[in-house]
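With chain Y's structure known, arrange chains W, E and R on it following the hints.
There are 4 protein chains.
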Amino acid sequence: MSVLQIGVIGAGQCSRETGLVAEAVGREIAHQGAILVCGGLGGVMESSSRGAQQAGGMTVGILPGFSSEDANPFITIPIVTGLSHARNVLVVRSSQALIAVEGGYGTLSEVAMALTLGKPVIGLHTWDVSGDIIMVATPEEAVQKAIHAINRAQ
Amino acid sequence: MSVLQIGVIGAGQCSRETGLVAEAVGREIAHQGAILVCGGLGGVMESSSRGAQQAGGMTVGILPGFSSEDANPFITIPIVTGLSHARNVLVVRSSQALIAVEGGYGTLSEVAMALTLGKPVIGLHTWDVSGDIIMVATPEEAVQKAIHAINRAQ
Amino acid sequence: MSVLQIGVIGAGQCSRETGLVAEAVGREIAHQGAILVCGGLGGVMESSSRGAQQAGGMTVGILPGFSSEDANPFITIPIVTGLSHARNVLVVRSSQALIAVEGGYGTLSEVAMALTLGKPVIGLHTWDVSGDIIMVATPEEAVQKAIHAINRAQ
Amino acid sequence: MSVLQIGVIGAGQCSRETGLVAEAVGREIAHQGAILVCGGLGGVMESSSRGAQQAGGMTVGILPGFSSEDANPFITIPIVTGLSHARNVLVVRSSQALIAVEGGYGTLSEVAMALTLGKPVIGLHTWDVSGDIIMVATPEEAVQKAIHAINRAQ
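Chains as they are written, first to last, in my numbering: chain Y, 14 to 167; chain W, 14 to 167; chain E, 14 to 167; chain R, 14 to 167.
Pulled out of the complex, with its shape left as it was, chain Y reads as follows (with noise of 0.2 Å):
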């Protein structure tokens, strides 16, 4: 993989506060070169795709249903796969790092399922259940340490 790919996950539906940060994730995703990868659906998903569409950047969206229109507005790229929620886990092995925006047990169910595969994870006002999990502060810090954390597996 030549570019880097990175996973934004979180709730399909969301405050403004929050998409205004899971945007901001995206264009900062954007703006480093790399690919976001996500659910494709809406809330975090379509707020972070937005942000990196907007900077020039491709989005995947790996989506749970059987149809591309399911696809929020800014993916690139939709990847239909019919498997319902077992998709979480094709999100999760195609990033090199995953960014969690808040979340339900959706969210907290990828957050595992990285750590079970040894993917770094990065959390923004996430779930705190484990110190595995690099907790930052900003949407910036983020994409910075998710691509540190990258490079040091590599």
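These are calculated hints, taken from the structure and not from any lab test. Misleading hints may appear alongside valid ones.
No copy labels: a pair is met if it fits in one copy or bridges any two.
Said to hold, decoys possible - Listed below are the simulated EDC-like cross-link pairs for lysine to aspartate or glutamate, each with C-alpha atoms no more than 20 Å apart in a straight line:
| no. | residue 1 | residue 2 |
| --- | --- | --- |
| 1 | K132 | E154 |
| 2 | K132 | E82 |
| 3 | K132 | E30 |
Given the structure is predicted, the values throughout are model-derived calculations rather than measurements.
For chains W, E and R alone, kept in the frame of chain Y given last:
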């Protein structure tokens, strides 16, 4: 589903003490006439399967790999998925309630997936990450609460 | 796997005549002491499950959807996957041999997947696309050839 | 999906002649401004990806294994699934039409899955198992027919 299916989740390797707890959980599931569903491998999965089978119960092992020979010796029905960690979602979906016995990140991922899908989760010395997890102190109480939660949901 | 698991594949809707053939296949699988594995829904899956259960056998239904209630009434163990058509691969992997009864494109897909994975395929009035499919004329012969092929492979 | 995604399926190992056909298919997909989707490995997948990338196109490789490094060198976006053969369904679902270039049982399985899901299938020297497969003689014709079928379906 006429017969109850109760999932047991936990680490693939465990201490002797944890194994005894898991075995008692499996035994109690069989005594209650339910089928035990698990990931089919070692540790908590194997101990609970042993307990169930020795008490005359039936066990289903939803395996991550490519061969039924990966199953521990106490699995009645091996389901071979070849899906690796994505098979965790199937353990959750195929159970009407889940009992988590300790466990690491993999177990946390399954606990969170169960909560995402609205399945009752009973915890024995496991991740205390949500008030939605019904924490109990003994294997018998775990199975009792699981059956109670299933009946209440119907 | 101490007990043989034999898969039965075919369309989710079928004629009365085809249903009788599928039922006889299921009955013979049970008579031979093997477990019947199928996709858990209607048509050939339901008829073969009925035959097996009425002959005292056990049946496993690997369901594409989200609820065990999707299973036909003759399924002993429902496996709920939520994977839609991707569950076909699990039917193949969880069977030591497969018997195809007629069938459309979905069945052809499973036949081809079974051949890809090196599983014996027995055909009853089904897709004649390869010399590797063992074509037979009767349900009894189908189960006999399946068991013979499994034993030879071990 | 604003940009067309066209799948190319075929064996993981192929003759030099078949490779040249696949390469021309990939090149034509890129010339038409579509994204090439494939299984990401060698043979027909690699040759078609090479053709697409050298013509300035984008390629998506939906990998069966656990590492993006399994991808052939001409994959722009590796999707890491860990699902083994079950990933074939994702190649089909993520494509609006599929072009089959020769191929063995694995390809037949994907062709049948595509027909099951109602996707147009264009065949180049491939399994002639159904009148629903649009058989063509040249790579250019294959891509032309694929785009025509997609447009007609919308």
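Cross-check of the supplied hints:
Taking identical chains as interchangeable, the C-alpha atoms of K132 and E154 lie at most 20 Å apart only when both belong to the same chain, with a minimum of 18 Å there against 36 Å between chains. Only between protomers do K132 and E82 lie at most 20 Å apart by alpha-carbon distance; the minimum there is 15 Å, versus 30 Å within a single protomer. For the identical chains of this complex, K132 and E30 are neighbours neither inside a copy (27 Å) nor across copies (30 Å), given an alpha-carbon limit of 20 Å.
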